[in-house]
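Turn these sequences into a full structure, and let the hints steer you where they fit.
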Amino acid sequence: MLRATILSFAIGLAGLVWLGEARSEYADVVLNRNSEAAGMRPVIFPHWFHRIRFRCKVCHNEFGFEMRAGANQVTMGDIYEGKFCGLCHNNQIAWGQENCNLCHTGRPGLPSGIYGGHKTLGPGRW
Amino acid sequence: MPQDADVQNSNAARPLHRVKMTRAGGTLRAALFLVAALGLSTCATERSATPRPTASEAPANLAEDSRVIRFADGRKWRKLAADGLHDPRNDMLQYLQQPAEALSTLPKDGPNGNQVDWMAALRLGAIAPRTSVRPGANIQVLDLDIVFHDTAGQPNVVFPHRQHTEWLDCANCHPAIFIAKRGANDFGMLDVLEGEYCGRCHGAVAFPLTECARCHSRDQQTAGTY
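First to last, the sequence lines map onto chains A and B. For the first sequence, the residue numbers in this note's numbering are 4 to 129. For the second sequence, the residue numbers in this note's numbering are 12 to 237.
Just so you know, the hints here were simulated from the structure itself, not pulled from any lab data. Treat the hints with caution; some may be incorrect.
[Stated by the list, open to error] List time: in silico SDA-like cross-link candidates among lysine to any residue, alpha-carbon distance up to 20 Å: (1) Lys90(B) - His50(A); (2) Lys87(B) - His50(A); (3) Lys86(A) - Glu101(A); (4) Lys90(B) - His53(A).
As the structure is a prediction and not an experimental result, all values here were calculated from the model.
Following this line, the structure appears as structure tokens:
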């Protein structure tokens, strides 16, 4: 009974992980510190899309994004003031802030963090 | 190491998928089995479909179904609506570029990461990412290799500044992550696996840590001094 419970738990958890995380594009970032609490879908930031168009240093040096998922306290207020995402997403370089659901595209309930298919789910975060 | 305490703490406890165990074990087990079976069955039954009409510059794709687009070079990408992150009920999803559309045109890399050799993409001009948005903030490429000798039984690590400075500014790594002084950075592979030092990017956005030989690339006997 106990063994069956543990086994099914493990299989179920593996299924959840497989369904939830393993298939997103490498280095997609989910931002959900404020979104859902404010009634919006989580934001998904695709690194692949942005690095085709901008070198890392543009966001991580000029714009002040820390190179650590979860370390950037970005609010819509900042973006409206032209900080962080708002440096480009202003209808001049990229789409403007009125296109809410182009950025707020995530499934409800997603935890914040960096995603991708490379993780072995072993010790630490790798 | 010189780390911002805020930065450290904010990522200390990453939430994982949690499943709460209750006394209603039978119902829970059944639910978990259902989830697992659903995962396995969707994995096993990816339907092939008719090729989609492609744009003239896009490479021909072999097959496409509601979830995956496959290409002749062996690469495949999930569609956004089926990647587990994007909400398929969001009508605006149709306006976002699909990974397959952009990444399939770029030089191929192994099955890990984005399946794209980003350095080759840059070198060959397949992409031309902007170096700045504000005027005057251009890149400073530094052509200097650093060899890490203390690598236990593994080949020594060669760190090429050139490839890194084509993407990054000096200030991205120095001095917060690496002190810009030879021998001043005492770290090991465990730190990297934990997301520190090289692991800030490698394993998160740059090529992943499964590509051992790309960094551990110099035979110990031939190691020079830098």
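Structure-based check of all given hints:
Among the hinted pairs, Lys90(B) with His50(A) is consistent with the structure: their alpha-carbon atoms are about 16 Å apart, no more than 20 Å. With a CA separation close to 18 Å, the supplied pair Lys87(B) and His50(A) stays within the 20 Å bound. For the suggested pair Lys86(A) and Glu101(A), the alpha carbons sit about 16 Å apart, so the restraint of at most 20 Å is met. The straight-line distance between the Cα atoms of Lys90(B) and His53(A) is roughly 17 Å, inside the 20 Å bound, and the hint therefore holds.
The structure meets every hint from the earlier list without exception.
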